[in-house]
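Trainee: Chain by chain, the residues:
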Amino acid sequence: DQQVKQNSPSLSVQEGRISILNCDYTNSMFDYFLWYKKYPAEGPTFLISISSIKDKNEDGRFTVFLNKSAKHLSLHIVPSQPGDSAVYFCAASARESSNTGKLIFGQGTTLQVKP
Amino acid sequence: KAGVTQTPRYLIKTRGQQVTLSCSPISGHRSVSWYQQTPGQGLQFLFEYFSETQRNKGNFPGRFSGRQFSNSRSEMNVSTLELGDSALYLCASSLATGEAFFGQGTRLTVV
Chain A
1052 DQQVKQNSPS LSVQEGRISI LNCDYTNSMF DYFLWYKKYP AEGPTFLISI
1102 SSIKDKNEDG RFTVFLNKSA KHLSLHIVPS QPGDSAVYFC AASARESSNT
1152 GKLIFGQGTT LQVKP
Chain B
12 KAGVTQTPRY LIKTRGQQVT LSCSPISGHR SVSWYQQTPG QGLQFLFEYF
62 SETQRNKGNF PGRFSGRQFS NSRSEMNVST LELGDSALYL CASSLATGEA
112 FFGQGTRLTV V
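Protein chains in written order, with our numbering: chain A, 1052 to 1166; chain B, 12 to 122.
Keep in mind that the hints were calculated from the coordinates and are not lab data. Even for Gly, the Cβ is constructed at its ideal location relative to N, Cα and C. Hints may be right or wrong, so weigh each one.
Said to hold, decoys possible - Distance condition first, Cα-Cα at most 25 Å in a straight line; then the derived SDA-like pairs of lysine to any residue:
#1 A:K1089 to A:S1136
#2 A:K1056 to B:S90
#3 A:K1089 to B:L99
#4 A:K1088 to B:N82
Said to hold, decoys possible - To give an idea of the chain A side of the interface with chain B (calculated C-beta under 10 Å), a few residues:
#5 L1085
#6 F1113
#7 R1146
#8 S1149
#9 T1151
#10 G1152
#11 K1153
#12 F1156
Could you build all of it, start to finish, from the sequences and the hints given here?
Mentor: Structure, rendered in structure tokens:
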């Protein structure tokens, strides 16, 4: 039962353009969402998060949008840089209802930014 | 501020053996979670400890266990290793239920 889904295994964009990574979830108890960036053989690096009481959160080149009715979130990277090339994971948590730090991860999307 | 530290970075064990992995969280963080990453299954939650108590557990067999000490450091133990236990084991720490920060991971290979 995949509660968090990233349906695009890979994405390729040109340097300077926008990268849009998508994530869908099924559990309506999820109230906190995070995006992580990961390089091979390293731990995930936290990028940005959003609480379910918001629909947008911005941090520099990274913006996360949350559509609760559609159970969908997306990560926008503008402008994309070659150093952004990595695997991006979407994660969700039901922290208010379960008082836990447990994260459910999507399968990841490999982003390639071409110079 | 030091990040999450996991030791060892790499480990090779034989089937049937047991292994203990260690995690030192960010100073002040009381929640420590463990995840297993494999190519086929992605990042899977193992368990979470908060103030020395297991607060949550994933769907892994009893061969996987953990504990947390009073200084928030955590250990994970896998007994009777199987080939399928080969994976990258990641530890993450957080203040309580907020952003989780991950260590570099321990790459376990079972032969």
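Trainee: All hints, please: hold or fail.
Mentor: These are the hints, each one checked on the structure:
1. A:K1089 to A:S1136: Holds, at roughly 9 Å.
2. A:K1056 to B:S90: violated, 31 Å
3. A:K1089 to B:L99: Satisfied, since the Cα-Cα distance of roughly 13 Å is no more than 25 Å.
4. A:K1088 to B:N82: violated, 29 Å
5. L1085: Holds, about 7 Å.
6. F1113: violated, 14 Å
7. R1146: holds, 4 Å
8. S1149: holds, 7 Å
9. T1151: holds, 5 Å
10. G1152: holds, 4 Å
11. K1153: The hint holds - A:K1153 has a Cβ within 10 Å of chain B, the shortest such distance being about 5 Å.
12. F1156: With a closest approach of 4 Å, the A:F1156 hint holds.
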